[in-house]
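Engineer: Turn these sequences into a full structure, and let the hints guide you.
Protein chains: 2
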Amino acid sequence: MIPARPRDTREHIIKTCRQLFTARGFVSTPISAVIEATGVKKGNLYYYFPSKEALGLAVLEDARDDFFALLEASCVGPDPVERIINSCTVLLQQMEKDNFVGGCLFGNAALEMTEGDTRFAEVLHSVFGHWLARVEECLHEAESLAGCPFSLPVPRLAKLVVAAVEGGIMMSRLNRSRDDFQDCILALQTILRIEEPDRQI
Amino acid sequence: MIPARPRDTREHIIKTCRQLFTARGFVSTPISAVIEATGVKKGNLYYYFPSKEALGLAVLEDARDDFFALLEASCVGPDPVERIINSCTVLLQQMEKDNFVGGCLFGNAALEMTEGDTRFAEVLHSVFGHWLARVEECLHEAESLAGCPFSLPVPRLAKLVVAAVEGGIMMSRLNRSRDDFQDCILALQTILRIEEPDRQI
Chain A
1498 MIPARPRDTR EHIIKTCRQL FTARGFVSTP ISAVIEATGV KKGNLYYYFP SKEALGLAVL
1558 EDARDDFFAL LEASCVGPDP VERIINSCTV LLQQMEKDNF VGGCLFGNAA LEMTEGDTRF
1618 AEVLHSVFGH WLARVEECLH EAESLAGCPF SLPVPRLAKL VVAAVEGGIM MSRLNRSRDD
1678 FQDCILALQT ILRIEEPDRQ I
Chain B
1498 MIPARPRDTR EHIIKTCRQL FTARGFVSTP ISAVIEATGV KKGNLYYYFP SKEALGLAVL
1558 EDARDDFFAL LEASCVGPDP VERIINSCTV LLQQMEKDNF VGGCLFGNAA LEMTEGDTRF
1618 AEVLHSVFGH WLARVEECLH EAESLAGCPF SLPVPRLAKL VVAAVEGGIM MSRLNRSRDD
1678 FQDCILALQT ILRIEEPDRQ I
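These protein sequence lines map, in sequence, to chains A and B. One gets the numbering used here by counting positions in the first sequence from 1 and adding 1497 to each. One gets the numbering used here by counting positions in the second sequence from 1 and adding 1497 to each.
Keep in mind the hints are simulated off the structure, nothing from the lab. Treat the hints with care, since some could be wrong.
Stated by the list, open to error - Using C-beta positions, here's what the derived DEER-type ranges look like:
no., chain 1, residue 1, chain 2, residue 2, range
1, A, P1650, B, A1566, 26 to 36 Å
2, A, T1687, B, G1644, 17 to 27 Å
3, B, A1630, A, D1562, 18 to 28 Å
4, A, H1627, B, R1502, 50 to 60 Å
5, A, A1566, B, A1566, 25 to 35 Å
6, B, A1551, A, R1673, 19 to 29 Å
7, A, Q1591, B, G1644, 22 to 32 Å
8, A, Q1591, B, D1595, 45 to 55 Å
Here the structure is a predicted model, which is why all the values come from computation and not from measurement. Quick reminder that beta carbons are idealized off the backbone N, C-alpha and C, glycines included.
Structural biologist: Written out as structure tokens, the structure is:
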């Protein structure tokens, strides 16, 4: 059923297409599938989104806003390393709820959307840039608290965290199982533990 | 120019489509693009590959064989951790040669091919299964040589290695730069260093 108000219709199209693009990919989803899934007539669809690219961009921006909100809500707690692990665990729970169909919309988009349209790339850069900055912030705080640095530079360690999450999601999607992504999170949990110098034997 | 011999034609189609599917994705590449890129007539194409799925499977198997050969050739040397890092570095060089267009065919395929066709999933399982087993083998040897275990179980650490490589490739592709993938390899190099117990202070 399509809500009557324009704002709701736009929202309804975006949310439906987000599921659709995550599961099928943006490039390989034809407009006919969008029309079928949303129940919105073609003319009405083009009223809200003049092109498929405009629709793809709106979906990506919607996912970005939700991801930033998820980071805000999950990257919490007194221990900075646990904040990082919390966010990863919330991502895992979200993927699991969707039975790992589609994996990470941003990772998928990075692999298919960036060739032609620079506006897609801009959104993706803001997603990964913000995420990396947040992880780096936590890692710097962990170094301050422990009174010693990690064995590798913080920006490099932050990239490893994000890459391991993205790769873990891909493997979990392939195997339709939480195990791979969870193993990556557990591995990060061990690696990110800094020992205070006087605790080392 | 199309080679005359049937074996060469088949090979020519596979190699051309491998580049095509890596750059554009399998699902979103129409048969018309395959015909244009290969220069092979439609009837001739269907003589070799009765369906797009058969072509996709042949391309994936070809990439798998090359990847296994790459692992054999690059996962060498006296130090087991350096063997892992060598393989990653050879992958980085290969991606760089292609200017990070397309990223990892297996990772992409895992994200788009596995929904419908279980034969694609089988090839991907064999790729990631073989790769993980090879990394685990090296990690076990590293533990034996150091006389002490890693701080986390070998299968978990192996998954982190593979996930970090796949995620690193995705980020490098997004940024069209070797830096992200290289940072992930350097991070792994630090993390995989085991200190012998008597060397710890």
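Engineer: Which of the numbered hints above does this structure break?
Structural biologist: 3, 5, 7 and 8
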